[in-house]
Structure formats: C-alpha cells, structure tokens
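Participant: The residues making up each chain are set out below.
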Amino acid sequence: MTSTDVQTELKDGILGILSYCINCRFCLPSCPRFEITSGEVSQGASGVTRSLYYAVKWGEEDKQALQELRDIVFGCTTCKSCEIACKSLSTGTKLLDAIEMGRELLIEMQVGPMPEQKKVLDSLLKNGNPYMVTARKRKEAVKALGLKEYTDQTEILLYLGCSTAVDEDVQNTVKALAKILDHAGVSYGILLDEACCGEPSLKMGEVGLFEMLSEKNIDLFKDNGVQSIVTLSPHCFETFSSKYPEADMQGIKVRHYTQLLYDLVQEKKLTFPNTVDKKVVYHDPCYLSKYQNVCEEPREVIKSIGGVELMEFKDNRADSLCCGGGGGRMWADFEAETNRLANIRVTEAVEKGAEVLVTACPWCFINMNDGVKVTNAADKLEVLSLAELCAMAL
Amino acid sequence: MANYPDYNPEDIQRELREILPEEAISKGLFERINNALDPYTSSDDIDRGMVPYAVVWPSSTEEVSQVMKYANTKNIPVFVRGSGTSLHGASKYRHSGIVLNVGRLKHFSIEKDNGYVEFGPGHRVLKVKQMLEEEGYFLPLVPGSIRVASIGGIISNNTSAHAVDSCIGKPRDYILGLQVVLPSGEVIETGTKSLRRPAGTDLTQYFVGGDGLLGVITGIRMQLVPMFASAYGVAYFHNELSSAKAVQRIYMEKAPMPLFMEYLDERVARMSFAIQNLPEPPGSLIMFHSIGQTEEEAVHKVNKLVEAISKEPVIEAKRITDMDEWHKIWLARESALPFICQGGKGVFGLSEIASSVRGLVDCMEDTINMDEGMPTLSKLGKPYIMGHLGALSLHPVYIFPADWSAEEKNKGIEEMFFKEAQINEKYGTCGGEWGQFAKRTPFYRKRYGDTVYGLVKDVKKVFDPNSILNPDVFRD
Ligand SMILES: Cc1cc2nc3c(=O)[nH]c(=O)nc-3n(C[C@H](O)[C@H](O)[C@H](O)COP(=O)(O)OP(=O)(O)OC[C@H]3O[C@@H](n4cnc5c(N)ncnc54)[C@H](O)[C@@H]3O)c2cc1C
Ligand code: SF4
Ligand code: SF4
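Chains as they are written, first to last, in the working numbering: chain A, 186 to 579; chain B, 62 to 537.
Just chain B, with the same shape it has in the complex (with noise of 0.2 Å):
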C-alpha cells in the first residue's frame, strides 16, 4: 500500500474551507467517525488512528473536482461512500483520508422522449425506484438493502443484487453513460445519449462495477424501463438438494427465467412462515416472480416454471393467485434475515456463494457443510441457508451471539469468508455482489492469479497514478 504523508486534520479542514462552501465540510470527530464504518464494525472496530480528517459532502460535480485536485496534489486518500453498507469492507478505512460522502449529489430527471432517466449517485435507491414507479417505469436493481444503499454504489459495484441476471441482465446493461471526476480531478463523460449503445471501447463500463477504483461516479444515465406485468408462483421442497435440482431443470428445459427466485432452507421457512401466520411450510421452498407485457405472458411464464419444478420431486409447486398470500410469503422471504437474527440473540453474518448451473447441487451441499473444518462457524453448527436460488447465489447465514467477543466474532466472519472463497473458487464462479475486492482481495488473487491482479493494479495506475482515490479497496 502506498504510504501517504501525515497530515494535522484541522490543517485539512482549514484548506478544504477554501475550496469548499462551509456547509460542505463536517469536521465533527463523531461524524468522522461514523463515515469511516461499515457493516460488521461489531467485530472489527476502527481506532482512532483511522478517523478521517474530515467528511465532505459536495452538491455538484465541479465540487467533487476540486476536492480530488486538492487531494491529489497533497497525496491525500479519499475515500468515497455512498452510504457505507458493503458488505465486504469496501466502505471500511484503515487509515485517515478524507471521506467524500455522495449524499448530496441527487440531481434527479426523467426524459420520457430520450427513453432514459438522469440521477446523482446520492440517491437511496428506493428513492429512485419510487420516483421511477411513480411514472410507471421499472428499477432494474432491487437489493437486499434498498432502503439504505445509495444507487451510485450499487453501481459501482454493479449488483444485481436479488434479480435473476439472466432475466434482466445487471445495471451495467442499463447504464446508458456516466459523469466522472477522475482521482486527478478532471470530469470526464461516457457512453451516449442514444439508447443505441455504442459498440468497441466505451469506458461507462470501466466504472461500472469498477469498484470505485478509477473515478467518482457524480452522474448516471439509465435507460428506462416500462413497467410490466407480473405472475407469482411457489415450489415447497423435500429437501435443499431438491430445491437445487429444480433450479437445474428449469435452466436445463429453457423455461423463462423470472425476475426473482428467491430460496430458504426448511428452517429459515418454517420461522419466517410463523412470523407472518402462514400454514407451516412443508419444506424448504423457492418463490418465483415471472414478468410479460401482458398478464398471459407473466402467467405463462409462471406456469412453465412450474412444469419445469414438476419434473423434479417436489412437494407441491403451484401459481399463486391470491395476492394476499404471495404478498405474506415474500414479507416471509424479507423478515427472514431480520427473524432469525432476532431469534439467534445475536448478529448476523452472510456470505455470497455463487454456482454454475451444472455444480448447483453440489454447491448446495458445500454450503451446508460450510462449518467443517471450521473452528468458530462448527461452534454455532449449519449455517441457515437463504438467497437468490435462481440467480444461482446463495447466502448462508451464521448467527454470532451478542455475548462473544469481538475477537471471536470476528473469527468466525474471516472463517465465514474464507469458506466462502474455497467454494467460489471450486465453482468458478466469483461472486454476483457486493463487489470484488476489499476482503475478496486474496480470493480474486487466487481465482484470476497475479497476472490478472497485476492488471488491474495497472489499469488503476493509469488513472489514478498517485492511488489516492478507494486506496483500501485492495487489501494487499
């Protein structure tokens, strides 16, 4: 990691007064504090030494500008944050810098006769999907976290969080152009104003997905998406393996991948379905979420679903078509993490595995074995197993008690990682969110091996030569 020079933070304050209005700059030690955290601080705390000399909260892209020409000319980190939730420590600084917080760039404008939607990064994303819906159009990124989660770093990281990619392909498929302040502090624009996209090099998707290592995202352009029709369906398993095997079948039929296939384990079920008075489950289940432009097309697609899960041993598949009962099941599938959490007195930890098609059995059953070999995670035994089945990505759940200790937590979240890892890497596969360094820094080492590491070092060096800009993202 490259070394910076130390700096007395109120120095930094004094100056960034200079270049920025004074309501920009937070120089409160608990506001520094709170913007240099992320998820899972409870077992991996920051000291002192890592607050930030000051947070800024530029309102314009000219104002992003200025505070990287200022931070690059005194080599100075800066760390850009959305609203800190990343699950993998890319919000996470272990070392003063200055934090540039995109809250305040939200400007916001749909432009019906283009075909696409403008937006600051500094939006909620629910915030956007409101705005969108409200004119009838469709968010094509629906995350776990979005209420929280700012749309620039959901785009950074270009998740498609719980929708199935090969329903709806991922932001990056949306993503028209960008506004970007590189680390030097020059703006630059990409992509097009024509939903023609463009063909050969077009560096819009350097950005996205470029884990916020080559540039500030201050400006997005997203094609719109007029809302659809929709068709609700449910499958109930014998087993985890079963609920696999259908997942299989369906890619292997060619049945109309939905726009949500979302999976729990029999025991993740059976709580979820108590919190919210349904009939106890019969088993560990997948509910699915078709789209059509007509209402046939949505039912059709589901009922080919079902045809395809039919061919396997399942308990009951069916469509679902009283609302009031999909709408209790998927608030089953959202209060799932937050009940189990409750009822394990504890915290939770999650991990992402994602599978092939073909390995998706096997995959499942790596996952549930996910404690072996594992001092901390055989402690607390199988991990409860919940995700996005259709997307083929699981996320396997520990529950960390309240009462251990933050050394021990944090054991069992690096055990938690690492497994995750291992099987990632059996697989071939890499992850479909959250981004691919910060703590997946030695699992994309392993995965893609020095030469690819060494290559993407090198692309950050060409824009950002002084590595000031997310510098933590790596972990070397």
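Isolated chain A (complex conformation) (with noise of 0.2 Å):
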C-alpha cells in the first residue's frame, strides 16, 4: 500500500466517522482540553474533529493551517469524556476514532507528531521504551529494584510499563506492591526483557510501530507461557485488553493493580493491620475509569484501610478531570494552554481540605507531584499511589 493510498483510506475513514456528527456540541463542556484553553471552540472534543473534517473535506495543504491543525489534533488527551458525553447524550459519535486517525493521518502526511514527541517515537523505535533510555539500562534499573523475576511456577506476570522501570518516583509504587503482595502470598513476578506495550506510539499515530511492540510482548507472553497479567498502568491493561489482538490475547487474564488489590481485599488475603489517619482524595485514572469502568474497586480498597476518612473530587468516577497525561501529552507542551489540568485538580483537592491525593496511575501520579509543586501545595497535599497508600497501612 502507498502512502497516497493510505492517506486516502485514512481520510475516508475520518469522514465516515465523523458523518455520525451533527455538530451539536454537546461533548465540547465535557472536554478537559477545553477547559484550560482559552474557550475556542476548536481546541476541545467536536471543535478537533470538525477540524480534521474541513481539512480532509477541503484537501486542506497550507503548512501554516496544517501546523495549526497539529496543535489542535495532538492536544487531545484522549481521556474520552466526549464519547462518554455524545454516547449518552446525542449520536454517539466516535471521536476518538477520528481524532486517531487524524494522527496517522497527519504522520502520513510528514506534518505531525509534536516536535517533542518525535524523539519520544525514535526512543521506542530504538530502545522500545518513550523515555529515550536505552535497552540496557532500563533493564539495569528494573534489575537493581530487586524485584522476583517470573518463572515457569509463577502465577501473576507484574508488568511494570516504562515510567514504573525508569522515574524512580514512580518506582515507589512497584516497591510498595511488592511489599503487598508478599504479605498476601501472592505468586507473581517481573519480565526484565518486556517492551513498551506501544500505547504512546498507537496514541501519537505510530500504528506501525505500535504493532512491532506489540508483536514483541505478544511473543514475550508466550514464550513464557503467561496466564495472569497485572498492570502498573491503566494504559497498559486498557492496551493489552482492548488494543492487542484477542485472538493472541486468548487465555490471558489482564487486570489492573487495583483489581488485584481488590480481589485480595474481598477474599481476605489481605486486611491492614494498621491504621492511616488521614483524608484522601482519589483521582480517577481515565484509563481506569471511563475506558475499563474501574471506579468502585480502588475505593473499596482505600475503605478498608482504618482511619481514612474517604472524599471524593466535584467530578469523580467516568466524570473525572482528566490529569492531561494521555494521547503523547507527557511529552508535549501546547502554546494555547493557560493552565494545567493536574494543577486545577491539586488546587481542588486543597480546597477539600484533603491530605492525601490518591491515584492508580503513574503518569497521573507524575502530573499530580508537578502539580503539586507548582501550586506550592507541598505542605497541604501528598500525591500517593493506591500502592503506596496500602503500604502505609501494613
């Protein structure tokens, strides 16, 4: 297939989509992304795609206005509050579906991704993680966390994803889990030779690349006979679930920590001895949420530990304020942004007189410390992973 023949099956499908459209623009409140621009309609939700669907209609090729559709088009976090939104309250329209391929489309074209997030796409290619750490040292520094390796005898595969191997922050979460499952006697163990699982590279439009990662872990799990899979991240178990062909998927079971934890937790394999006394506040991760519909599960766990005092955010569960980490966004700055979605969401969580802001994801957990400091909140809140949070409590 060329290029030219891909554009254009690209484009019919972007038109065909968006024919389910009528503009009516009730997904454009929903939009986190339009939320911190400054209100222009075409920098959130049915703004994007009717974009992307006068510059397909038109045969748009002025670089300036393909520049700016870029920024419009690579802005969106995909957290899919718009489908949420269009689902139950119009055509059901699937945007995101667009807006992906308006990616592709836009790489075809040699016009996107963000310049930033071309080094990112490099760094999977060459070293198959986003954060331009080569092979061997990402694998020195998941070897130096000391955690069990899987082998033939383990139940569990822990599958770290890129920020868990190489933000030593983050790491604090797979150090606490560990600790977790070791006190429920849970079987599980680490691959130190796994990939990205391709959701950066699938998200900036590299479906290519995304298949190649794919193709390698997909290859990683069966030659170490894998059954049971948990995730770190809920982009990895939302890509593993949904993004990875079922048929190679077949037989494997893909949960999320927090479902774990939860599992664990209703069959009493895990109870904490001690109690935290403090008022949380959990972030709803919108891979957790709107895509996998995990929202009870991680507040059932945080429940179950003694003295936590439970509070929810305004818009909490599929209504959640995205963090602004998803769609290529953690390594990407947008020039029509005033403001950061994590700092509106620390900011609240002060105002709620929380002490700790909870979450399950590590990207979310990257944005909401930045947020954090950048508010000058560091004395009020403390940003921890549910992990981390049950950790506490042993």
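One or more hints might be untrue.
Looking from chain A toward chain B, a few residues come up when the C-beta cut is under 10 Å (computed) [what the hints assert, rightly or not]:
1) F211
2) S215
3) S231
4) G277
Listed next, the in silico BS3-like pairs over lysine-lysine satisfying Cα-Cα at most 25 Å (straight line) [to be verified]:
5) B/K406 - A/K272
6) B/K88 - A/K242
7) A/K248 - B/K88
8) B/K406 - A/K279
9) A/K333 - A/K453
10) A/K537 - B/K188
11) A/K333 - A/K407
12) A/K464 - A/K537
13) A/K537 - B/K190
14) A/K488 - A/K537
15) A/K360 - A/K454
16) B/K190 - A/K499
17) A/K272 - B/K389
18) B/K406 - A/K242
19) B/K188 - A/K499
20) A/K453 - A/K360
21) B/K190 - A/K272
22) A/K322 - A/K360
23) A/K196 - B/K406
Which stretches of chain B does chain A cover? Using the computed rule of at least three CB atoms under 8 Å from a CB of chain A, they are [stated by the list, open to error]:
24) 140-149
25) 398-411
Source of the hints: derived by calculation from the structure; they are not laboratory data.
C-beta atoms are modelled at their ideal positions from N, C-alpha and C, and glycine is treated no differently.
Combine the two chains into a complex, taking the hints into account.
Facilitator: This is the structure we're talking about:
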C-alpha cells in the first residue's frame, strides 16, 4: 500500500466516522482540553474533529493551517469524556477513532507528531521505551529494584511498564505493591525484557510502531507461558485488553493492580493491621474509569484501611477531570493552554481539605506531583499511589 | 440581501488588533470554521467562501461596542454567537464577516435584596442554573440543550423549551432589563431595576426573542425565582391520540398546569425504558412535574392532573411517589433522542410543531403522518415522536442513516421543515422554540404575510440601517 493509498483510506475513515456528528456541541463542555484553553471551540472535542473534517474535506495543504491542525489534533488527551457525552446525549460519534486516525494521517503527511514527540517515537523504535533510555540501562534499573523474576512456576506477571522502569518516584509504587503481594502470599514476578506496551506510539499515530512493539510483547508472553497479567499502568491495562489482537491474548487474564488488590481484600487475603489517619481524595485515572469502568474497586480498597476518611472530587468516576497526561501529552507542550489540568485537580483537593491525593496511574501520579510543586501545595497535600497508601497500613 | 465589500481577512485581523486585546481575536483557520457552523452540518456543509474574517471574544460591553462601531463603519456583517446550537440555522453563516462570540461575557451577581440576578450572556445555561440553585433559586428556562446553549442565545430566542408556558411563562416574563450594544456601537440600557415591571413601551421586549436582529445583548437582569416543592406523575395510553386528548382534557378541566409535561410515543418509550431497566411501558406516555409552595400544594396539583387525565381512556395514570422511579423515567426521556439515534445508526433531525389546544388531536395525527407526500421522508416511514405535549409542542424525529449522501440527508431535513411549516400554518401556530427566522423565514412570510414581514424588516432597519448584525437570520 502506498502512502497515498493509506492517506485516502484514513481520510475516508475520518469522514465516515464524522458523518455521525451533527455538530450539536454537547461533547464540548466535558472536554478537559477545552477547560484549559481560552474557550476556543476548535480546542475541544467536536471542535477538534470538525477541524479535521474540514481539513480533509477541503484537502487543506496550506502549511500554516496544517500546523495549526496538528496542534489541535495532538492536543487531545484521549480521555474519552467526549465519547461518553456523545453516547449519552447525542449521536454516539466515535470521536477518538477519528482523532487517532487524524494523528495517523498527519504523520503520513509528515505534519505530525508534535516536534518533541518525534524523539519519543525514535526512542520507542530504538530502545523499546519512550523515555530515551537504552534497553540495557532500563534493564539494569529494573534489576536494581530487586523484584522477583517471572518463572514457569509464577502465577501473575507483574507488567511494570516504562514509567515504573525509569522514574524513581513511580518506582515506589512497585516497591509498595511487592510488599503488599508478599504480605498476601501472591505468586508474582516480572520479566526483565518487557517492551513498552506500545500505547504511546498508538496514541501518537505511529500505528506500525505499535504493532511492532505489541508483537514483541505477545511473543514474550507466549514464550513465558503467561496466563495472568497485572499492570501498574491503566494505559498498559487498556492496551492489552482492547488493542492487542484478541486471538493473541486469548487465555491471558489482564487486570490492573487496583483490581488485584480489590480481589485480595474481598478474599480476606489482604487486611490492613495499621490505621492511616488521613483525609484521602481519590483521583480516577481516565483509562481506568472512563475506558474500563474500574471505579469502585480502588475506593473499596481505600475504605478497607482503618482511619482513612475518603473524600470525592466534584467530578469523579467516569466524570473525572483528566490529569492531562494521556494521548502522548507527557512529552509535549501546547501553546494554547493557559493552565495545567493537574493544577486544577490539586487546587481542588487542597480546597477540600484533603491531605493525600491517591491515584492509580503513573502518569497521573507524575502530573499531580508536579501540580503540587507548581501550586506550592507541598505542605498541605501529598500524592501517593494506591499501592503506597496500602503499604502504609501494613 | 445587502451587499458587503470584500476584505482581505488579514487586514481585518490587523485592524481589529488596534481596538481589541490580542487574546480577544482568533485568526486561526479552524477556529474561524468552527464558529461558522451550526447543528446538522453533516447535511449542510460550509465552503471556503463562508469562513469568517476573524472571531472576536470581547470580555466587556465596551469591547463589543468597539467591534460594532468598527464593523458598522466598514460595512462588515457581524454574526453574534452564543454556543451555535440553533436548530434552525440561526447560527450558520453564509458569507464572510466577523463572528462575535459572547463566550467571555460572563459576569454574574445575585442581588438578593433587590430580588434579581444580573449576568452576562456567555454562560452556559446549566452553569447559571447551578449557580442559582446553590442560593435556593430556580432558573425558569430549561432547554434540552441546557449543557451547551448560552443563556444569551436562549434569551435572544425567548424559548421556554421543555417548560409549559401556561405554568411559568417565557423568559420574557422574567427579564427585568438588558444592556445592549446596538449595531452602531451605541450602548443602551432597557427596563428597570425594580421588580415592578415597566408599563407601556419597554425596549427590553424588542431584544428578548429578537432573534439577534436588533442588538447584541451583553448584560441581563432577571427576576429571582425561589425554589419550590415538587411532585410527579405519569400516565400511559393505548395510542398517541388518546394522550393528546388527555392533554386537551387538562386544559378544558382547568387543571393546574404542570412545570413540565413530556411525551414519548410508544416506540420511543419502549426503547428508552429498556435502557433504564424500567418495565416495558404499556403504551405511549406523558410524564409530569408539578410545583407548589409546599409539597402538599404540588401533590394536590399532580392529583388534579391524574383526575383530569383519568376522564379519558387511559391505561394508567398515577402520582409517582418513588423518586427512584421518577428519576429513571426522567432519564428515559433525556436519553430517548440519543438512543433512537444510535439505534437507527444515523443522525437525528428534529423539527418543532406547535398546536392549538383544540387542534391537538388532529395535529398529533398530522405529525404522525408527516412523511406523506414527502419522497425522502417516506423512505424512512413514520417519525418518532416526543416533545413537550403539555406545552402543546411536539418534536417529530427522523433518523437519517449516516451513510446517506449529504444531498439526500439535506433533502430529508428540508422536507421535515417544509412539513413543520405546513402543519404549524394549519393550526395557526408558529413554534415556541428556536426563533422565528433563519430556516423558518419562508414560513413566517406565509404565516403572517408580507406586510408583517416588511414591518419586521423596517424595525431592523431602524436599529441597524446598514444591516450588519446577523443579516443571514433573514433568508430572502
Ligand atoms: C440537541 C439539541 C437540543 C436542543 N433542545 C432545545 C430545547 O429543548 N429547547 C429549545 O428552545 N432549544 C433547543 N435547542 C436549540 C438551541 O439550543 C436554542 O435555540 C438556543 O437558544 C441557542 O442558543 P445558543 O447559545 O446556541 O445560540 P446560537 O445558536 O449561538 O445563536 C442563536 C441566535 O441567537 C443570536 N444570539 C446569541 N447570543 C446573542 C446575544 N448575546 N445577543 C444577541 N443575539 C444573540 C445569534 O446571533 C443567533 O442568531 C436544541 C439544540 C440542540 C442542538
Ligand atoms: S456530542 Fe456527538 S454529535 Fe454532538 S457535536 Fe459532539 S460528537 Fe458531534
Ligand atoms: S478525548 Fe478528552 S481531550 Fe480528547 S477531545 Fe475528547 S474530551 Fe477532549
């Protein structure tokens, strides 16, 4: 297939999907990106897709216009709020499919991705991770964590994901999780050679690269006879569950670690002897709540810890305000933005009087921690992963 | 339509920068496109020639005034935009001009000791509702587009939306005064700061429901309405005509009119009850919400409605006491449109038919048979029908398959509006939502005659001699 054929197919696909949109704009108010830009319609939900629609329909070639389009299309956090709104209020348009195709198209046209994201894609190709760390260094860093390795006797593959492998703050989550799993007598192990699940490349529009990475992981799972995977990141969880070919993943149970903790609590294999006397607010990661409907499990786990007062954000569960990290945005800045979503979230948590903001996604964790620093809230609010909170009660 | 000089967009953008702060001007192609669209775009695309020169986002009346003065001097059309949700094409532009988006005109203050609230037109309706509710007040306008439509857009339309006019009236009945920028750029105040309404000529009434023809509303003063107690009811009917008869009966029996009385035909009710896990409804239904100062008063009103309805052949009419049941039924109403749309794998087109009380049963029958004689609608059969039956208004809905060509969808939508006009003309009505012009202009001329239409245009000329404000709202 030539690039022209690919482009034609993508353009037809985009117009086809968007033929379901009547432009009622019901999806716009729920778009977090719309929240942090100055209110321009093109910066949010159907404004993004309508921009794409007209660029395709008019065969836009003007360089400046295409760059404008790139910033609009790559600005989406892929949080899914727009699709949920459209499904419950309007025509059920698959905005995200169109946006993802739009990204693919802009890459084919050599307009996308965002300049900073190019390096990330290069790193995914060369190193198998988006953090510009060589595969060797990544492996050393993971080894240094001293986690059990997966063997043919192991029940659960703990899939670390890239942030856990390279970010020291995020590593505290897996250390805490290992402590919990040991305490509960769970058989788990890691694979030192895991590659990125491919989600960042998929969301940045490099579908070929995603396929390459997914094949690598599928081979790894098959070679090791993996039957049960628990992920640290909701993004890896969603990718394995919904984006890897069903046939290849048949017989492999995939869960996010919040679900595993919930199961352990329900089965009374995990109880918390110590209390944590803190006011805790739980931030729902989009890829857990909006994509996978995992909302109650983490809350039930938190509630099972004595002393914790669980609070809620104004927008919670499937209405949760995105932290801004999805869709390849961990590696890009956008001129149009006047605030950061994580700052809004942190400010609300502080105003609520929460002492701890708990989340269950490495990217939310990183963004919220940054938000605490930027808003000078370090003396009022601590950001913890769910695993860290649980480990405090052991 | 007036002729306007052609300008180079870059020149206009440069000149606008001299009168507005940089952040108040959007020059990007895609923002300009997005501000020129309205719903049903799928069947009525714009072309490159319709892209606005610029979108401006004034954040004060003074900035609006500057823009209008500038545009008036240069004879550039200005299109005022709330959220662009007008279903009758009032927010769709057909040639270049400046879009004035009111989205940043967002002041808000509740003056409890004066009994009114003042706000800018740029708030979304839901936001105003929430801010009022936090202080124990009710917003007396409730459109289906509440999450997205701007309060200024609603007031320009004077739409009572779901609410039953005979119960709470129209927005016009609550607006005490306005701040308006005339097309010349002059700023005027209308109305009063008293809860005692002006007797005699009150220019407020020209702008509320003025279809955006006469001036840009930049400030609104509205009477505060204290929150009330509520009670609820539902009635199921063997067929559509019996439900229309029941509503006639309510008016004839002088039963106390509810705040809402919503209708779902049997097909729609079945589908939407299923999504809410409600038992299958035995027929078409009306659901109603009565209000009173006390719960007893609200309950009394619901009981009176049940009593009146029960005088007609009805499967069941009852007061609902279980709030969970009411919420589910209400959710079924709210999700009905998206659900039939997604079930039908296409995009919805809805029109609005209003009836007289006496004509309601016949009007319902005509609405059911809306496809007759319409080649495109006939391919789709009978419309789904829902609407605000208590307010005597119906929304027939067609689902146009997504894979139909734009041309075919467009034909269907035009036929739908043609039939809407025909039926409204027959019953001597004119539609209680979405405004009077844009796609409805031909109907307006037919319904009221050229003399009346000429008068409206003359009034416009007095306010806007160069015809620069929202000129496309008239469709000559
Ligand atoms: C799915 C859907 C459901 C809907 N449900 C309802 C419903 O239940 N009831 C109902 O009545 N309507 C409904 N509408 C229609 C629409 O929401 C209303 O007509 C609303 O009044 C439009 O508000 P807007 O802010 O989008 O105005 P726009 O579409 O932006 O503007 C409408 C007109 O008002 C003018 N205007 C806007 N703001 C100002 C201002 N500040 N000063 C002067 N002129 C101004 C514009 O120039 C334009 O001519 C629905 C629409 C959709 C898409
Ligand atoms: S809610 Fe759906 S139909 Fe409406 S504008 Fe958004 S995507 Fe389009
Ligand atoms: S996925 Fe989220 S950020 Fe992207 S357009 Fe939809 S609502 Fe906005």
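Participant: Compare the structure with each hint and give your call.
Facilitator: A quick look at each hint next to the structure:
no.	hint	in the structure
1	F211	holds, 5 Å
2	S215	holds, 8 Å
3	S231	holds, 9 Å
4	G277	holds, 4 Å
5	B/K406 - A/K272	holds, 12 Å
6	B/K88 - A/K242	holds, 20 Å
7	A/K248 - B/K88	holds, 15 Å
8	B/K406 - A/K279	holds, 12 Å
9	A/K333 - A/K453	holds, 24 Å
10	A/K537 - B/K188	holds, 21 Å
11	A/K333 - A/K407	holds, 19 Å
12	A/K464 - A/K537	holds, 10 Å
13	A/K537 - B/K190	holds, 23 Å
14	A/K488 - A/K537	holds, 18 Å
15	A/K360 - A/K454	holds, 19 Å
16	B/K190 - A/K499	holds, 17 Å
17	A/K272 - B/K389	holds, 17 Å
18	B/K406 - A/K242	holds, 22 Å
19	B/K188 - A/K499	holds, 14 Å
20	A/K453 - A/K360	holds, 22 Å
21	B/K190 - A/K272	holds, 24 Å
22	A/K322 - A/K360	holds, 19 Å
23	A/K196 - B/K406	holds, 21 Å
24	140-149	holds (count 3)
25	398-411	holds (count 7)
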